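Quick mapping for you: the protein sequence lines, in order, are chains A, B, C, D, E and F. Quick note on my numbering: the first sequence kicks off at 3 and runs consecutively. Quick note on my numbering: the second sequence kicks off at 3 and runs consecutively. Quick note on my numbering: the third sequence kicks off at 3 and runs consecutively. Quick note on my numbering: the fourth sequence kicks off at 30 and runs consecutively. Quick note on my numbering: the fifth sequence kicks off at 30 and runs consecutively. Quick note on my numbering: the sixth sequence kicks off at 30 and runs consecutively.
Hint data in this document are derived by calculation from the structure and do not stem from the laboratory. Any given hint might turn out to be false.
Claimed, not checked - Below, simulated DSS-like cross-link-like pairs (lysine-lysine); rule was C-alpha separation at most 25 Å, straight line:
1. A:Lys323 - C:Lys323
2. F:Lys168 - E:Lys122
3. B:Lys98 - A:Lys98
4. E:Lys168 - D:Lys122
5. A:Lys327 - B:Lys327
6. B:Lys133 - B:Lys327
7. F:Lys168 - F:Lys122
8. A:Lys323 - B:Lys98
9. B:Lys323 - A:Lys327
10. A:Lys133 - B:Lys323
11. E:Lys125 - F:Lys125
12. D:Lys125 - E:Lys168
13. C:Lys327 - A:Lys327
14. C:Lys148 - B:Lys98
15. F:Lys168 - D:Lys122
16. F:Lys125 - F:Lys97
17. C:Lys323 - C:Lys133
18. B:Lys98 - B:Lys323
19. A:Lys323 - C:Lys148
20. A:Lys133 - A:Lys323
21. C:Lys191 - A:Lys327
22. C:Lys133 - A:Lys327
23. F:Lys125 - D:Lys168
What the hints assert, rightly or not - Computed, partial: chain F to chain E, Cβ under 7 Å:
24. Val37
25. Thr47
26. Val50
27. Leu58
28. Leu117
Remember, predicted model here, so these are calculated numbers, not experimental data. Virtual Cβ for every residue (Gly too), placed ideally from N, Cα, C.
One-letter residues, chain by chain:
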Amino acid sequence: MQQEIAQPILNWPSEGNARVPYRMFSDPEVYRAELARIFLGPTWQYLALAGELPQPGDYLTTFLGETPVIVTRGQDGEIHAMVNRCAHRGNLVCLKRRGHADNLTCVYHAWRYDLEGNLDSVAFRRGIAGKGGMPASFNLEEHGLKKLRVDTFGDLVFGTLSPEAPPLASYIGNLIGSRIHRVLHGKPKILGTTSQILHNNWKLYFENVRDTYHATLLHAFFTTFRISRLTSEGGVDIAENGAHHASYTRNKVDRVDQATSDQLYAGIPSLRENFRLADPSFLTMAEEFGDDTTTQILSLFPNFVLQQIQNSIALRLVLPKGPDKTELQWTYIGFEEDAPEMTDLRLAQANLVGPAGYVSMEDGAVGNFIQRAIHGSEEECSVLEMGGFGHVSEANRTTEASVRGFWHAYRPLMGL
Amino acid sequence: MQQEIAQPILNWPSEGNARVPYRMFSDPEVYRAELARIFLGPTWQYLALAGELPQPGDYLTTFLGETPVIVTRGQDGEIHAMVNRCAHRGNLVCLKRRGHADNLTCVYHAWRYDLEGNLDSVAFRRGIAGKGGMPASFNLEEHGLKKLRVDTFGDLVFGTLSPEAPPLASYIGNLIGSRIHRVLHGKPKILGTTSQILHNNWKLYFENVRDTYHATLLHAFFTTFRISRLTSEGGVDIAENGAHHASYTRNKVDRVDQATSDQLYAGIPSLRENFRLADPSFLTMAEEFGDDTTTQILSLFPNFVLQQIQNSIALRLVLPKGPDKTELQWTYIGFEEDAPEMTDLRLAQANLVGPAGYVSMEDGAVGNFIQRAIHGSEEECSVLEMGGFGHVSEANRTTEASVRGFWHAYRPLMGL
Amino acid sequence: MQQEIAQPILNWPSEGNARVPYRMFSDPEVYRAELARIFLGPTWQYLALAGELPQPGDYLTTFLGETPVIVTRGQDGEIHAMVNRCAHRGNLVCLKRRGHADNLTCVYHAWRYDLEGNLDSVAFRRGIAGKGGMPASFNLEEHGLKKLRVDTFGDLVFGTLSPEAPPLASYIGNLIGSRIHRVLHGKPKILGTTSQILHNNWKLYFENVRDTYHATLLHAFFTTFRISRLTSEGGVDIAENGAHHASYTRNKVDRVDQATSDQLYAGIPSLRENFRLADPSFLTMAEEFGDDTTTQILSLFPNFVLQQIQNSIALRLVLPKGPDKTELQWTYIGFEEDAPEMTDLRLAQANLVGPAGYVSMEDGAVGNFIQRAIHGSEEECSVLEMGGFGHVSEANRTTEASVRGFWHAYRPLMGL
Amino acid sequence: MTGVEAVVRRLELEELYTDYVHCLDADELERWPDFFTEDCFYRITSAENYEAGLPLGLIHATSRNMLKDRVSALREANIYEPQRYRHLVSSIKVLKEEGATLDLAANFLVVRTMQEGDMTLFAAGAYLDQVRREGGTWKFARKNVVLDSRQIDTLLAIPI
Amino acid sequence: MTGVEAVVRRLELEELYTDYVHCLDADELERWPDFFTEDCFYRITSAENYEAGLPLGLIHATSRNMLKDRVSALREANIYEPQRYRHLVSSIKVLKEEGATLDLAANFLVVRTMQEGDMTLFAAGAYLDQVRREGGTWKFARKNVVLDSRQIDTLLAIPI
Amino acid sequence: MTGVEAVVRRLELEELYTDYVHCLDADELERWPDFFTEDCFYRITSAENYEAGLPLGLIHATSRNMLKDRVSALREANIYEPQRYRHLVSSIKVLKEEGATLDLAANFLVVRTMQEGDMTLFAAGAYLDQVRREGGTWKFARKNVVLDSRQIDTLLAIPI
Ligand code: FES
Ligand code: FES
Ligand code: FES
Ligand SMILES: [Fe+3]
Ligand SMILES: [Fe+3]
Ligand SMILES: [Fe+3]
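Please construct the entire structure, taking both the sequences and the accompanying hints into account.
Below is the structure:
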């Protein structure tokens with residue numbers, strides 16, 4: 003792969019992480035290399051919530067990049083994951099998105115695997131009346147499903163196909179890990195799921211998520227209702243290697259007084275004087291996290307997002323579907339401990355996010371705007387200089403530090 | 003081409019035909035090479051039934067791979083075929099799927115060809131009033147349609163663009179040829195046609211057709227109603243070079259007693275105890291072929307299938323439409339000699355096959371399941387060891403011999 | 003790029019412009035090279051009618067090849083054009099097809115540009131309370147939108163990204179320029195627009211437009227109603243370098259008498275004896291151009307068409323959307339000076355052209371017919387010998403001279 | 030027949046198609062055969078076959094029992110990915126009436142959605158039906174599902 | 030107008046659209062002009078043109094004769110691949126009534142199927158029509174076929 | 030209820046859906062909340078969520094005021110490319126009636142067209158509604174827009 007992709011984009015701009023050649027978002031060679039080096043490489047990727055598989059035999063299917071994966075609860079009570087590809091002729095072993103089974107039987111020729119992916123039996127292995135069947139040399143042990151390494155962080159289940167990936171806890175690290183625990187303070191209860199098809203490269207969405215600069219400029223709702231402003235207390239934590247981030251806004255006390263803030267937003271379209279709500283009640287945040295953080299957007303390299311916007315909590319998984327196509331999967335959660343009123347509030351605040359979200363709708367489109375804009379500009383670069391050139395944590399969000407951090411983690415994996 | 007494709011898949015696995023790298027089903031380079039080396043190469047491909055073109059001037063259009071082809075009945079009463087591409091500027095000469103014409107006139111500039119593809123006239127060849135027109139050097143003879151070699155086997159018409167392809171009869175050979183004659187015992191009468199768009203590589207479907215192992219495991223209908231079981235008398239004939247095959251089931255007397263058979267199928271999902279029919283009458287086969295063969299699936303390399311399932315007879319043509327797209331064209335036939343009851347029975351038994359067929363529905367989907375499963379596994383291989391490593395005829399069907407035979411015929415053509 | 007595409011199609015056929023390898027219409031490498039060398043290269047491409055942007059602040063969006071472009075009327079009253087890609091992270095700056103604005107503000111982070119594309123301001127450039135913001139080294143001047151050169155020919159506005167393109171007037175030249183002025187004799191008034199998606203390479207449509215040979219052979223309407231015949235007075239003017247053309251038919255007096263003409267069309271399908279109109283009134287041309295030219299089709303390399311068919315005037319822009327996809331944009335115009343009856347006549351005669359046009363419908367399909375026909379014939383060539391091998395102006399239209407002219411202008415740009 | 034009777038019958042016929050498609054779209058296939066007479070004829074074919082007078086049906090049933098068997102095969106025997114249909118029906122027309130028997134035509138469109146969420150325009154065409162009054166309700170005595178396209182995407186499992 | 034009369038008229042209008050689309054979908058184009066008054070206005074345009082007040086029509090007829098000519102051109106002169114339409118019509122609405130003249134709006138969708146079998150969502154939009162009572166039946170005095178999209182796939186041969 | 034009354038009500042319900050979709054398709058969103066009762070419930074969800082009993086709504090409103098806020102956000106706050114919908118509605122069915130309250134089901138399909146002209150089959154599914162007689166007209170007391178697909182293309186701005 004290396005030379006294959008080294009060639010098209012040999013020399014990265016001298017500005018380093020402050021420049022990204024647009025080719026990175028459209029070149030099929032780059033995309034193919036990413037599937038191999040990042041999604042099948044030494045990264046941990048979100049698979050499921052442990053609670054989605056309560057019983058041995060429960061399973062669901064997901065993806066590592068474009069590679070289909072089965073996640074099961076084994077007879078041993080542990081969670082297991084394997085590539086959803088039969089060892090015989092490559093058929094999908096599990097056809098349903100979720101289900102329950104005592105074993106995994108391929109529909110094509112009925113080869114049977116246990117819940118950990120070991121091959122249990124091969125139909126007509128001995129043939130019939132001494133004719134046909136598998137050769138004596140055939141060894142069941144050598145033909146199991148390809149297994150993933152699985153590790154959990156709280157209720158979050160992650161997997162990787164790479165033996166080199168470090169243990170999950172150290173992959174995530176304490177800085178970001180503590181911010182995950184902060185949000186997932188109970189036993190997650192799924193309120194619903196949805197999915198968005200984005201017509202852009204997966205990295206354009208992931209950059210967007212990590213972009214603390216855009217939120218209050220693109221999303222008028224944030225600014226107008228002071229859910230978040232760049233002038234609010236807040237900042238961004240970035241893992242040392244740049245891979246993960248968590249941006250946050252603290253209680254609505256502005257760092258500067260409101261007049262100054264309005265002045266700073268003067269002339270910025272996202273401040274819409276004429277925009278009022280008839281029923282703003284659902285925007286009142288309920289005390290939940292024991293701190294004054296009203297919004298926290300967290301990402302784990304390469305494609306997981308944990309969002310807390312007031313009391314709206316969602317997991318997002320970014321699945322690449324081609325150089326210019328991405329699926330964004332949303333899982334909205336509350337906690338088993340939630341009072342009915344809290345559930346109602348979460349459902350009301352769910353209006354803020356997702357494909358129709360007041361503060362996220364634009365994120366579904368802006369990546370596609372870029373994808374369309376860069377045709378013919380493959381050799382030019384985006385400019386990531388807000389907040390300088392580094393990627394360290396800051397107590398401020400007028401910075402693209404965590405976007406630069408993404409590229410800092412991405413480039414070595416890609417040999418760039 | 004050779005080096006072009008030799009490079010991506012240089013060394014075929016040492017297991018030979020018992021392994022197939024999944025890349026063979028998804029790599030665009032491989033696909034392009036197949037169009038050139040196989041579909042435009044020294045293979046005979048089904049074009050039509052002679053009876054579809056009764057009169058001189060009758061024509062229909064089809065494909066060699068992705069190359070459009072015209073098939074005509076010439077004034078000489080013979081069947082002719084040519085590439086459906088005007089020698090002038092490359093327009094489709096025939097726009098209709100079937101029709102009748104005295105000559106073939108291109109709509110773009112009215113160049114006119116006879117029914118054998120020879121260029122008869124060029125509009126305004128001499129210009130007007132001595133101005134314009136074609137240069138004196140222009141020679142009609144040099145600008146005919148590109149002609150195919152055409153040969154027939156019974157009522158089946160085949161064509162090839164290659165001068166190297168052996169005569170059709172020896173291409174097919176006696177072993178398989180006699181099994182074609184066995185089924186096509188009368189003058190074919192078309193009962194109807196349909197077409198399926200399969201979202202998978204063409205070879206995944208062709209492997210499926212030749213796969214004697216899957217039928218009674220994937221298709222519960224076969225097993226439950228004993229239309230066919232691996233435990234029934236049966237086997238597979240394979241042409242010496244592996245190119246063609248015919249699998250068959252003989253009268254419903256099991257080779258082992260029913261109890262043993264049920265036992266062998268025990269735990270195999272395709273045996274559905276709880277599945278009963280309110281009106282199984284249509285499953286009663288009418289005496290027709292003068293032998294005890296109830297099912298015969300026959301394939302000719304690279305993309306033709308002749309099916310007899312009880313009294314249901316159909317021709318299938320497998321047309322590649324891209325690395326991961328295939329069109330499967332069905333022509334259901336009876337014979338002019340059929341009594342009305344026999345036609346009714348064939349129509350009733352047509353419920354068994356086609357896009358909605360009780361025993362074929364799954365075949366339309368399983369190729370796509372594989373296509374989706376192999377993302378990211380291009381360097382891994384399918385395992386074809388059932389029945390060993392060879393590709394010779396066997397009086398038993400718990401074998402993948404005829405699938406291996408396909409690869410045995412395929413690889414030299416592809417320089418693999 | 004050079005070697006990249008030189009390799010697949012190294013040696014152009016010795017017949018020169020009289021042969022075109024079909025690969026030129028389907029090869030993705032060729033297409034990519036065209037985007038860079040032709041559409042982003044030293045060619046002038048139509049952007050708009052000056053009258054579409056009457057006021058400073060008016061803007062519209064279009065394309066150079068696949069690169070999105072903004073066209074504005076600046077505060078200086080001049081027309082300006084720039085690539086529609088924000089200098090920050092590449093977002094589309096203008097999202098609407100047309101609009102009015104005092105400045106161009108990107109929705110993503112509110113960077114603001116003036117109407118000429120200069121970067122005016124960067125949101126939170128100085129950060130907040132001394133934290134964040136752009137580095138001191140950041141210079142607004144260096145981050146404007148990429149500007150096009152803009153030049154006008156009458157009311158037609160053209161743009162190019164290349165500094166090498168000659169001045170527009172000399173690019174067009176007098177021969178063709180005078181034929182533009184002939185048609186655009188007043189202040190254009192838009193009657194309506196439409197767009198056609200053609201499933202073929204852009205050059206197949208552009209060849210069609212320049213093909214004086216096909217019109218009366220493919221389009222029966224022309225022949226039957228004598229709107230135009232090859233036997234009518236007429237000819238084709240071709241710019242010296244072959245790049246541009248104008249074909250024309252003069253008053254309906256045939257060069258040869260009607261009987262001879264009918265005889266010359268004898269056996270050519272486009273003469274349809276049995277085709278009569280109940281209401282042919284709309285085919286009566288109104289005196290307009292002060293000459294006896296009833297039809298004039300004019301093209302400017304690489305993708306602009308100006309059509310006059312009787313009193314129906316339309317601009318056509320040919321936008322490449324992929325190797326086998328093209329958008330054909332139509333702008334139907336009259337003139338401010340038109341009397342209501344003239345407008346009605348233009349609307350009635352608009353039935354002749356466009357996606358449903360009596361004499362243009364076929365042109366929307368024939369390119370796709372060719373695209374489908376050439377599968378597997380990439381190494382073969384179309385034959386362009388009508389009227390010989392040259393590309394000079396002729397007082398006759400039984401010639402493909404202007405199509406050869408296109409390739410004469412195309413090949414050096416592509417290094418072929 | 031008075032104006033009111035005509036109108037009432039019209040609405041009955043519309044309701045027949047409404048109930049029919051809701052049954053299929055809700056995957057209540059077990060109820061599907063009940064929309065037919067016991068001696069019904071049901072066939073899914075293409076306009077190409079239909080216009081050529083070719084008798085083939087992709088699904089070809091000559092009795093309600095055969096429809097029941099189709100359902101039990103889909104439930105018990107056949108394997109296909111989870112999917113759902115959405116029928117849109119329009120332009121129902123009475124072509125001919127003979128006593129309690131009516132010949133009807135209607136346009137339909139079927140959107141098929143797979144479990145992962147991809148939606149496709151799966152089928153468009155015309156119902157060419159014959160309905161008969163039976164036990165106070167209208168039943169299909171004949172149903173020809175004539176598809177505009179000769180091509181089926183992947184497979185045709187659920188009836189139309 | 031009594032409830033019954035209102036209902037009857039409602040069904041007459043629905044039948045008008047039903048017959049109209051069956052005529053086109055069955056390729057009985059020769060009957061198509063009969064749905065219009067002799068002095069009819071027929072235009073196919075895009076919402077973009079329509080809302081901008083631009084008068085252009087892709088098909089633009091100011092008399093029934095011009096519709097007849099359109100049909101004879103399709104039959105005798107123009108060349109296009111075999112294809113068929115399937116119209117779905119929904120939400121017919123009476124916007125205005127003046128004596129025997131009604132202004133109507135309806136939503137439509139057209140699926141186009143080519144001979145090889147590829148089906149596409151060819152057109153969606155609104156009919157903005159005026160109908161008039163003539164010889165005991167409703168005829169289109171004006172028909173504006175307003176397409177949601179400004180783009181036409183390949184060509185527009187058969188009317189909508 | 031007499032036959033006539035039944036028929037009249039039927040047409041009233043059809044008109045309700047007709048007016049509702051014309052309002053959305055004409056981008057007259059300011060009128061949209063008026064189709065609902067003040068205490069209405071409106072939710073857009075997927076069949077997957079709906080059948081699993083998961084309460085999430087992509088749009089989730091528990092009052093007419095929340096619908097008004099949705100409209101003002103679309104007008105004043107949110108950024109999305111110009112686009113239009115075309116609804117096709119079919120097979121409206123009364124499921125249950127209780128006094129002045131009716132439970133209804135209907136099939137719908139939405140074609141979305143972007144300003145450049147690309148048209149997509151954006152949504153298909155069922156309306157599962159409850160309507161109530163209020164001030165002489167029918168209003169939606171509950172509207173569940175149940176999408177067949179779990180996937181939304183790009184974003185969901187305009188309500189369905
Ligand atoms: S492919 Fe799974 S058993 Fe054969
Ligand atoms: S392309 Fe066939 S005659 Fe010109
Ligand atoms: S991309 Fe335009 S302001 Fe950031
Ligand atoms: Fe955002
Ligand atoms: Fe099979
Ligand atoms: Fe033409």
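Hints versus structure:
no. : hint                : result
1   : A:Lys323 - C:Lys323 : 21 Å, holds
2   : F:Lys168 - E:Lys122 : 18 Å, holds
3   : B:Lys98 - A:Lys98   : 42 Å, violated
4   : E:Lys168 - D:Lys122 : 18 Å, holds
5   : A:Lys327 - B:Lys327 : 19 Å, holds
6   : B:Lys133 - B:Lys327 : 49 Å, violated
7   : F:Lys168 - F:Lys122 : 16 Å, holds
8   : A:Lys323 - B:Lys98  : 37 Å, violated
9   : B:Lys323 - A:Lys327 : 22 Å, holds
10  : A:Lys133 - B:Lys323 : 38 Å, violated
11  : E:Lys125 - F:Lys125 : 33 Å, violated
12  : D:Lys125 - E:Lys168 : 23 Å, holds
13  : C:Lys327 - A:Lys327 : 19 Å, holds
14  : C:Lys148 - B:Lys98  : 49 Å, violated
15  : F:Lys168 - D:Lys122 : 31 Å, violated
16  : F:Lys125 - F:Lys97  : 29 Å, violated
17  : C:Lys323 - C:Lys133 : 45 Å, violated
18  : B:Lys98 - B:Lys323  : 19 Å, holds
19  : A:Lys323 - C:Lys148 : 31 Å, violated
20  : A:Lys133 - A:Lys323 : 45 Å, violated
21  : C:Lys191 - A:Lys327 : 41 Å, violated
22  : C:Lys133 - A:Lys327 : 36 Å, violated
23  : F:Lys125 - D:Lys168 : 23 Å, holds
24  : Val37               : 5 Å, holds
25  : Thr47               : 4 Å, holds
26  : Val50               : 5 Å, holds
27  : Leu58               : 16 Å, violated
28  : Leu117              : 4 Å, holds
Hints 3, 6, 8, 10, 11, 14, 15, 16, 17, 19, 20, 21, 22, 27 from the earlier list are contradicted by this structure; the remaining hints agree with it.
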